[in-house]
Amino acid sequence: MMSRYRWTLLKQSQQWLVTRSDGEQTASLETTAVPHNQDPAACSEALASSLLSAGYDGSGVLVVIDSLDCLAVSAAVDESVMSGGRNAVIYELEQYLPFPSEEFTVDYLEHSKSLFAVVVKTAEFQSLLESLENKGVFVQSLVPSALIVAQFLWEHVQESRSENGEADHALLWRDNGRLECVLLDQKGPLAWHALATEMNALCQMLEAHAWRADRTVVVHAFDTDLMSSHDLREHSRIAFRAMDRPIVAPVDADAHGFARVAAVRAADEILSGKSKPWIDLRRGSLGSGDFCRPVRRSLRFAMSGVIALMIAVSAVFWMRSQQYVAMAKDFQSRQAEAFHMVLPNQKVQTGFRGRMESEYKRLSGLKGEEGEMPHRVSSLISLYRLLHSMPSELRFRFLEMRFEQDHVSLEGQVRAHSDADTIAVALREGGFRVESPSTQILSEQGVAVRMTAQWSDRP
Amino acid sequence: MRIPNIPADRSIRLLLLGVAAASVLFVSSWHRMASSRCAAIRSSEQYRQCRRLAERIRVLKDRPLRASDSLQTATQLARALEEAAQSVKIELDQLIRIDSRPARQIENTPYQEQPTYFEVRGVTLEQLVAFLHKLATENHGTEVVDLRLSSPRSGGIYAKDTQDCASTETWDAEVTLTSLVFNP
Chain R
1 MMSRYRWTLL KQSQQWLVTR SDGEQTASLE TTAVPHNQDP AACSEALASS
51 LLSAGYDGSG VLVVIDSLDC LAVSAAVDES VMSGGRNAVI YELEQYLPFP
101 SEEFTVDYLE HSKSLFAVVV KTAEFQSLLE SLENKGVFVQ SLVPSALIVA
151 QFLWEHVQES RSENGEADHA LLWRDNGRLE CVLLDQKGPL AWHALATEMN
201 ALCQMLEAHA WRADRTVVVH AFDTDLMSSH DLREHSRIAF RAMDRPIVAP
251 VDADAHGFAR VAAVRAADEI LSGKSKPWID LRRGSLGSGD FCRPVRRSLR
301 FAMSGVIALM IAVSAVFWMR SQQYVAMAKD FQSRQAEAFH MVLPNQKVQT
351 GFRGRMESEY KRLSGLKGEE GEMPHRVSSL ISLYRLLHSM PSELRFRFLE
401 MRFEQDHVSL EGQVRAHSDA DTIAVALREG GFRVESPSTQ ILSEQGVAVR
451 MTAQWSDRP
Chain L
1 MRIPNIPADR SIRLLLLGVA AASVLFVSSW HRMASSRCAA IRSSEQYRQC
51 RRLAERIRVL KDRPLRASDS LQTATQLARA LEEAAQSVKI ELDQLIRIDS
101 RPARQIENTP YQEQPTYFEV RGVTLEQLVA FLHKLATENH GTEVVDLRLS
151 SPRSGGIYAK DTQDCASTET WDAEVTLTSL VFNP
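First to last, the protein sequences are chains R and L. Just so we're aligned: 225 in this note's numbering is position 225 of the first sequence, and the numbers increase by one with no gaps anywhere. Just so we're aligned: 172 in this note's numbering is position 172 of the second sequence, and the numbers increase by one with no gaps anywhere.
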């Protein structure tokens with residue numbers, strides 16, 4: 001969620017100004033002055049206290065530092081250095097600076113064969129920024145005042161930029177008794193000068209740049225008295241334009257107020273995300289060390305959401321698992337019910353299926369359900385079939401009958417050979433397969449007969 | 001002094017811990033749900049199987065036994081034969097021989113076969129059939145697999161039947177019973 005106010009800590013020569021803006025052009029700019037000639041802990045304490053009393057809500061704060069805290073370097077640099085990355089550039093810049101690379105923090109803009117860098121001494125701001133962070137102040141960016149003012153004014157010279165397409169431009173204004181000049185081409189700042197109000201020296205530098213770059217420099221002066229104090233006709237390659245100040249209310253008319261308010265307006269645009277600062281020194285040793293700091297609120301919100309979602313889904317899982325447990329219990333009780341219905345005398349509490357399976361196997365084995373039960377034919381049935389198929393009108397007798405399951409062997413006596421065939425026919429009609437009987441006349445009366453038979457419809 | 005309600009590193013760390021704890025809770029509850037779901041499915045499947053088994057058992061219970069579940073001793077067999085004989089009025093001295101043979105495993109089946117050989121003399125066909133039928137029905141899994149009936153060679157085919165002769169026709173029988181035993 002966007003904060004209602006935007007907060008800027010603006011470093012002036014003698015004090016810090018804590019400003020709160022609601023982003024409206026007409027809104028009043030509230031400021032609180034905090035002296036900065038004290039140790040960083042006390043200073044940060046005072047700043048945090050001022051922020052809190054003004055209703056600070058933890059949103060990003062822009063720390064805007066004075067021009068005197070910065071060193072600007074415009075240097076011609078090989079492409080190989082620039083392609084070597086930030087460290088290569090830092091070591092390349094070291095030769096232009098009065099302190100080793102470990103002691104400064106730099107941010108830079110690359111041009112085709114040069115770069116524009118702004119450097120601050122790390123030690124001057126490190127403790128303050130850490131202390132502010134520890135007190136809960138979210139320092140979003142650390143920017144030089146003049147450069148964000150230039151960035152703000154650059155948007156207001158759009159018309160002149162389009163009229164002078166090939167020219168370089170210089171933005172000129174007064175701030176706190178100094179003359180601030182930022183030289184730019186279409187890609188951004190080329191150089192930055194903060195001088196005493198020596199217009200002559202500045203014009204010489206711009207003239208030199210114009211001759212070196214072989215381009216005209218269009219100077220946009222936001223203080224008309226700057227132009228009146230110098231003979232402009234001396235500079236053939238410099239064109240001067242007097243510009244109206246883009247900010248009207250509620251800023252007082254003096255130059256000090258203009259620069260301050262312009263800085264706050266520029267900070268407003270940066271904090272609202274409308275623009276990105278050309279130079280941001282909140283990096284390296286002056287960085288927050290917390291990569292997720294800018295998105296901490298969103299991250300916290302997202303993580304809280306994830307936690308809530310996980311807990312909610314876990315609760316759903318838990319309830320669902322309870323339902324599954326209840327279902328399992330229900331099926332268990334149904335198993336018990338089915339078990340006790342068919343095996344009422346068995347006292348089994350668990351393993352119903354296994355018990356029923358073994359009971360089923362046992363019964364299958366005992367009752368011939370399983371296909372592997374050996375097939376046997378009762379000889380009693382053979383006896384019954386034999387007796388049932390015997391002709392009733394014929395006189396005969398069997399002396400011996402042998403039954404081996406479905407096989408029958410008969411030995412007996414009949415009165416004539418043909419009677420044996422009659423018996424054989426009767427047996428065939430009774431479902432036996434009978435081989436031709438053998439007969440033999442007996443020495444007494446009658447005929448002895450032997451025959452064997454087998455079920456023709458063997459099951 | 002610290003500005004209140006400002007998220008700090010600690011809050012992110014706490015939230016990370018919260019996310020970790022919530023993840024553990026999520027995974028454990030998911031695992032619990034998955035395992036209880038498996039248990040419910042397994043239980044439902046077991047119930048279906050139980051119902052099917054119960055139905056089959058119910059059907060099987062109504063069927064007659066075709067095998068016994070234990071081997072009978074020689075004494076038990078002899079007693080069964082004597083009781084069956086007496087029930088159809090066969091005198092014990094007509095049961096002249098009982099020979100119990102050792103059980104043997106029927107190849108490739110879970111069954112054993114226990115043969116018993118016995119001889120009875122001078123019984124009518126009616127008595128013999130009743131006797132054998134009783135043995136087969138009262139001793140589960142028992143079948144008459146071998147039966148040899150022989151008649152005394154008296155008279156001839158032309159001999160005149162008298163009333164007395166018809167009613168007292170007797171047979172000597174050699175019987176082999178086998179008892180089927182289910183022994184998985």
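I should point out that these hints are in silico values taken from the structure, not numbers from a laboratory. Hints are not guaranteed to be accurate.
Partial list, derived from the structure: chain L residues whose beta carbon lies under 10 Å from chain R [stated by the list, open to error]:
no., residue
1, A22
2, A67
3, A74
4, L147
Note that CB positions come from ideal geometry on N, CA and C, so glycine has one too.
Checklist entry - Hints broken by the structure, by number, lowest first? => result As far as the earlier hints go, only 3 is violated by this structure.
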